[in-house]
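S.K.: What follows is each chain in one-letter form.
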Amino acid sequence: MDPKLDLLYRLADDQLILGHRNSEWNGLGPILEEDIAFSSMAQDKLGHSLQLYGLLHGLGEAEPDTVAFTRNAPQFHCCQLVELPIGEYDFSLTRHFLFDHAELLRFEALAASSYEPLAQVARKLRGELKYHALHANTWVKRLGTATDEAIERMQAALNFTLPYALGIFETTAAEPEIISSGLFIGEAELKSRWLESIAKVFRQTALEMPDVQTLAPALGGRRGEHTGFLQPLLDEMAEVFRLDPTADW
Amino acid sequence: MPETRFDKAQLLEWLQAVKDPEIPTISLIDLGVVRGVEIDAATGNVAVHLTPTFAGCPAMDYMKRDVERTLLAHGVPAVEVTISLREAWTSDMISEAGRAALRQHKLSPPPVLGNRVLDLDFLEYAECPNCHGHNTELRTPFGATLCRAVHHCHDCRQLFEQFKPV
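Residue numbers (this note's numbering), protein chains in the order written: chain G, 1 to 249; chain Y, 1001 to 1166.
Because the hints were derived from the structure by calculation, they are not lab data.
Honestly, I wouldn't trust all of these hints.
Claimed, not checked - Facing chain G, a subset of chain Y residues (Cβ under 7 Å, in silico):
#1 Leu1085
#2 Pro1141
#3 Leu1146
Claimed, not checked - Residues of chain Y clear of chain G, computed beta-carbon distances all greater than 10 Å:
#4 Ala1009
#5 Gln1016
#6 Pro1024
#7 Gly1032
#8 Gly1044
#9 Leu1050
#10 Ala1055
#11 Asp1066
#12 Ala1073
#13 His1074
#14 Val1081
#15 Ser1095
#16 Gln1104
#17 Cys1131
#18 Phe1142
#19 Arg1157
What you are looking at is a predicted structure, and each value in this text was computed from that prediction instead of being measured.
Ideal Cβ placement from N, Cα and C applies to all residues, glycine included.
In isolation and in its complexed conformation, chain G is listed as follows (with noise of 0.2 Å):
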């Protein structure tokens, strides 16, 4: 796949599945003010979404809700990590702390890409993205250092996060020229930023950080390879879509 195209269909459907998935702590957030930051967090990811499949559709892919909802699961390019049901709230916590890190360096390097109309739009998000990362920082914080049980369920959340958290950085056969043409900085580089990033918070916590080195990733989500959870999350997202592709809502 054209490298262009390998790099932005990866970061669109992130966005737009994880966008989703935040939607549907809507109503059920355990206080007020958490509901409204996952509502608020998924309307800007469907948001970022859109400006992502935007500069497909400039590059000759078809629209945007064509794009998201009328694709099967092995056609999507997200990372399983943002694909796996809300669970407790503990577990999206810690999915939305470990990806939005991830996703804020990302942005911060692509503001420096070498594909202009990639560059703008990511200038754009870094500064809606540092509210995300502010908010997870919060309450991993906040969490990471309250009762026995908070710190307890906050490891278990990350040791079983993790090897799905090191699948945001699953590579594909266009990572040489990506990096070579100045698109973006490479995903082990990110990585390795990330992981900086994201112990720093934690040293401020009673959290353990695992060996990453013994962790075997989640891989395969970029090459549409996921788990079970992601057809019925789609079928779910264009029931009203496929009702009529046509109509104008």
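Please build the complex by placing chain Y on the supplied structure of chain G, with the hints as guidance.
M.R.: Quick look at chain Y alone, frame taken from chain G:
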């Protein structure tokens, strides 16, 4: 050739009447959402360029519609409104008049960033729009809309909303 009865200054004056759909005190111009206005000398048609405050802002379609309606009502023959991130919006694009308009709506205006980095100190700071105190605390970075955060003022003990700095 149709006679053009308006110039750019006139268009900007008309556009001052187009307010943010959710903050009725501030115009799109003072909010910094209007990034360009051009008149085609031959036809008198007008092109207006907008940029969203937040990428996922659901009010963009309304803003576009309101700009079109307002200019057409003043006799502009045709209006084309485009929306892009070509020039990414930052909260520094809010004018001084815009900041006053936000205060009037009891929204704390975002601090001016200038050349500084948008770091945590910046995101957490807000002036209370009720008592103008600075002894305030960020309660949650997500409020009633994407562009608002919720703070608490320790001086007057009121919750208040802030238009977020980005």
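S.K.: Could you run down the list of hints and mark each one as holding or not?
M.R.: Hints and how they fare:
1. A cut of 7 Å between beta carbons decides the hint on Leu1085/Y: the least distance to chain G is about 5 Å, and the hint holds.
2. Checking Pro1141/Y against chain G: minimum C-beta separation of about 4 Å stays under 7 Å; hint holds.
3. This hint holds: Leu1146/Y has a C-beta 6 Å from the nearest C-beta of chain G, less than the 7 Å allowed.
4. For Ala1009/Y, the requirement that its beta carbon stay farther than 10 Å from each beta carbon of chain G is met, with the minimum near 29 Å.
5. Every CB of chain G is more than 10 Å from the CB of Gln1016/Y (nearest about 25 Å), matching its label as outside the interface.
6. Consistency note on Pro1024/Y: stated as away from chain G, and its beta-carbon is indeed over 10 Å from all of that chain's, at 22 Å minimum.
7. No beta-carbon of chain G is positioned within 10 Å of the beta-carbon of Gly1032/Y; the least distance is around 13 Å.
8. Interface exclusion of Gly1044/Y from chain G stands, the closest Cβ pair being 30 Å apart, more than 10 Å.
9. Non-interface status of Leu1050/Y relative to chain G is upheld: no Cβ of that chain comes within 10 Å, the nearest being about 13 Å off.
10. At the 10 Å boundary, the C-beta of Ala1055/Y falls inside the reach of chain G, the nearest C-beta of that chain being 4 Å off.
11. Every beta carbon of chain G lies more than 10 Å from that of Asp1066/Y, the smallest distance being close to 20 Å; the non-interface claim holds.
12. For Ala1073/Y, the shortest C-beta to C-beta distance to chain G comes to about 25 Å, beyond the 10 Å cut-off, and the non-interface label holds.
13. In this structure His1074/Y is separated from chain G by more than 10 Å, as the shortest Cβ-Cβ distance comes to about 28 Å.
14. Every C-beta of chain G lies more than 10 Å from that of Val1081/Y, the closest at about 16 Å, which supports listing it as non-interface.
15. Taking the minimum C-beta to C-beta distance to chain G, about 19 Å, the non-interface status of Ser1095/Y holds against the 10 Å cut.
16. For Gln1104/Y, the non-interface assignment is confirmed: its Cβ lies about 25 Å from the closest Cβ of chain G, beyond the 10 Å cut-off.
17. A cut-off of 10 Å between C-beta atoms confirms that Cys1131/Y is not in contact with chain G; the least separation is 23 Å.
18. For Phe1142/Y, the condition that its CB be more than 10 Å from all CB atoms of chain G is violated, with the nearest at approximately 4 Å.
19. Look at Arg1157/Y: its CB is around 18 Å from the nearest CB on chain G, clear of 10 Å, so calling it non-interface holds up.
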